[in-house]
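Undergrad: Chain by chain, the residues run as shown.
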Amino acid sequence: MENAVHELGTGHIKVKRKVFTKMNITLYLMLLPTVLSYLIFHYIPMPGLYLAFSDFRVSGFRDYWVGFENFEYIFNLGNFWQSFGNTWIFIILGYVFVFPAAIILALLLNEMRGRFFKRTIQTVSCIPHFVSWVIVGGIWITLLSPTYGYINQIIKLLGGEPYYFLIKASIFPYLLTFIRIWKDVGYNAIIYIAALSSIDNTLYESSVIDGAGRWKQTIHITLPGMKSTILVMLILSFSGVLNLFDPVYVFQNPALLSIAETLDTYIYKVGIRDARYSVATAVGLFKSVISFALVIMTNIVSKYITEDKETILW
Amino acid sequence: MKRSKSESVFNIFNIIFNCIFLLMLVVPVLFIVKRSFDAANQLTTGAALFPARFSLVYYRTIFQDSTVFRPFLNSAIITVFGTALSVAMNAMGAYSLSHRELPGNKLFMFMIIFSMMFSGGLVPSYLLMKYLGLINTYRVLIIPPAVIGIHLILFKNYYQSIPAELKDSARIDGAEEFTLFRKIILPLSAPIIAAITLFTAVGYWNTFFTAIIYVNSPKMHPFTVKLQEIIIEQQEMMERVDRMAAEDMRGNLDDESLASAIIVVSTIPIIIIYPFLQKYFTKGIMMGSIKS
Numbered sequence: 001m002e003n004a005v006h007e008l009g010t011g012h013i014k015v016k017r018k019v020f021t022k023m024n025i026t027l028y029l030m031l032l033p034t035v036l037s038y039l040i041f042h043y044i045p046m047p048g049l050y051l052a053f054s055d056f057r058v059s060g061f062r063d064y065w066v067g068f069e070n071f072e073y074i075f076n077l078g079n080f081w082q083s084f085g086n087t088w089i090f091i092i093l094g095y096v097f098v099f100p101a102a103i104i105l106a107l108l109l110n111e112m113r114g115r116f117f118k119r120t121i122q123t124v125s126c127i128p129h130f131v132s133w134v135i136v137g138g139i140w141i142t143l144l145s146p147t148y149g150y151i152n153q154i155i156k157l158l159g160g161e162p163y164y165f166l167i168k169a170s171i172f173p174y175l176l177t178f179i180r181i182w183k184d185v186g187y188n189a190i191i192y193i194a195a196l197s198s199i200d201n202t203l204y205e206s207s208v209i210d211g212a213g214r215w216k217q218t219i220h221i222t223l224p225g226m227k228s229t230i231l232v233m234l235i236l237s238f239s240g241v242l243n244l245f246d247p248v249y250v251f252q253n254p255a256l257l258s259i260a261e262t263l264d265t266y267i268y269k270v271g272i273r274d275a276r277y278s279v280a281t282a283v284g285l286f287k288s289v290i291s292f293a294l295v296i297m298t299n300i301v302s303k304y305i306t307e308d309k310e311t312i313l314w
Numbered sequence: 001m002k003r004s005k006s007e008s009v010f011n012i013f014n015i016i017f018n019c020i021f022l023l024m025l026v027v028p029v030l031f032i033v034k035r036s037f038d039a040a041n042q043l044t045t046g047a048a049l050f051p052a053r054f055s056l057v058y059y060r061t062i063f064q065d066s067t068v069f070r071p072f073l074n075s076a077i078i079t080v081f082g083t084a085l086s087v088a089m090n091a092m093g094a095y096s097l098s099h100r101e102l103p104g105n106k107l108f109m110f111m112i113i114f115s116m117m118f119s120g121g122l123v124p125s126y127l128l129m130k131y132l133g134l135i136n137t138y139r140v141l142i143i144p145p146a147v148i149g150i151h152l153i154l155f156k157n158y159y160q161s162i163p164a165e166l167k168d169s170a171r172i173d174g175a176e177e178f179t180l181f182r183k184i185i186l187p188l189s190a191p192i193i194a195a196i197t198l199f200t201a202v203g204y205w206n207t208f209f210t211a212i213i214y215v216n217s218p219k220m221h222p223f224t225v226k227l228q229e230i231i232i233e234q235q236e237m238m239e240r241v242d243r244m245a246a247e248d249m250r251g252n253l254d255d256e257s258l259a260s261a262i263i264v265v266s267t268i269p270i271i272i273i274y275p276f277l278q279k280y281f282t283k284g285i286m287m288g289s290i291k292s
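These protein sequence lines are chains Z and D, in that order.
Residues in the first sequence are numbered consecutively from 1, following this note's numbering.
Residues in the second sequence are numbered consecutively from 1, following this note's numbering.
Just so you know, the hints here were simulated from the structure itself, not pulled from any lab data.
The model shown is predicted, which means the values in this text are computed figures rather than measured ones.
Every residue gets a Cβ at the ideal spot worked out from N, C-alpha and C, and that includes glycine.
Any given hint could turn out to be false.
Unchecked claim - With the Cβ distance kept under 7 Å, some of the chain D side facing chain Z (calculated, not the full set): (1) Leu23; (2) Leu25; (3) Ser98; (4) Asn105; (5) Leu107; (6) Ser115; (7) Leu122; (8) Val123; (9) Pro124; (10) Gly174; (11) Asn206; (12) Phe208; (13) Thr210; (14) Leu227; (15) Gln235; (16) Ala259.
Full structure from sequences and hints, please.
TA: Set out below in structure tokens:
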């Protein structure tokens, strides 16, 4: 890079850099497709949020500005609040069951004494993560099928009556949470296992001398050692938390619609299937605002929780 | 070190628990495999995991019925071209971003990070694709998803860990920047390129959501959408009609078994590349966690 150094009268030195050097031009060219892609596919749609304040349909603009009418409209819709509430049900169940499950698995695997067995579990449990939700959904729908599904075959074998799992709206949230664990616990646990392996072994050794049993060790050494990893994972998980389409959509059937509709599936149906663009954009904007607020909140909270009193994201 | 009794009990519990866990992971898959090879599923009783009547009819259907085969072909096309484009764009773009002194670098990074947190939403994106004429094309499933922020960051971090002396000595020898990139950086980056290629390929292979939104012609659907259709059909049929009658209607072709065969076929590529994925993945996590 060519630099020209000018010494100004006040004794400050100003370095004048030539921006368009040959190297920089090459670098800019290499960056161009990426930047274009971001501009076109991410930034051009952003002003589209304006549609939430207009009445835009397939036939075109019925009204260029309707203020908050669209929001009034959706806030009065039962379906909207239902899908909003359902989203939160799945989120809460996710944090109560899915999030700790990976930690528990990591702890258990860490205590496992057979290396081959441990590696096998890690390898096998990771695979469902890389498979699409459609496939996972297909697997479980087939498994839970009322007459010929494996689960019901075993129930019949044990003398019970076949149970139609997939139309019971009351158990669906728990069923889906279980399947989410099935899919992701192995993969999620890997990060915690890595964190566990970085805990100083001498801590354990000295605790044994002090007479600590396994349980005390876990509480006083292992968990604190994982604290920062757990926190980071927790905070990172907040940013995409309202996104819930695939897991729910693949299981949807008429009997489950009261519970198996999240904000994302709702937006899809209203916006794409029913082509009610303005209304769907309003719902989307609502969701974005809440997500954004969540991210900011967790970032602020992280300042008080992490050890170095710094915010995690910026 | 003497192991206390409660520790032994715990160990036994741990092993039993993990055995059950392993079973829960494996048995569903075994059942699907069994279903896919079974022409007479209704004859199976109990916990049998072997086909009642072994048959390849569902696999034959996949290859002979064009409404089933075409989606696989579509997925293959999307995956091959998408992965090539995505890895190329991300590897190149991240190289530029790895130069901290490049004017505008901070701006570009902000642009990328900001877009990860805030987006225009589904409808504006859909309308944009409509306006660009990308609806119902292969391109819409290949190009927009190509640039992935996380991959950019991973590449960038890797490039920044390459010693500067290597780059400087090449520049002193008169190498142009792109030649430097091609001849020195890329070969050195083989591990990360391989890892990201695998992850990208899996991502494209699993395309579902974008396909549902932007593609409504059945001819262009990836296998995921087709699979979803079959499953929904099966569920609806189960609710309306008696199971046996449903099978008779389709000439003895059991939708769920077809779905099972599709599941098996579509999972095979992932199973094949999985060992490679795992090698890079656990390594990457180790490196990443140590850094943080």
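Undergrad: Evaluate each hint against the coordinates.
TA: Hints versus structure:
no., hint, result
1, Leu23, "violated (11 Å)"
2, Leu25, "holds (5 Å)"
3, Ser98, "violated (9 Å)"
4, Asn105, "violated (9 Å)"
5, Leu107, "violated (10 Å)"
6, Ser115, "holds (4 Å)"
7, Leu122, "holds (5 Å)"
8, Val123, "holds (4 Å)"
9, Pro124, "holds (2 Å)"
10, Gly174, "violated (12 Å)"
11, Asn206, "holds (4 Å)"
12, Phe208, "holds (5 Å)"
13, Thr210, "violated (11 Å)"
14, Leu227, "holds (5 Å)"
15, Gln235, "holds (5 Å)"
16, Ala259, "holds (5 Å)"
Hint compliance for this structure: hints 1, 3, 4, 5, 10, 13 are broken, all remaining hints hold.
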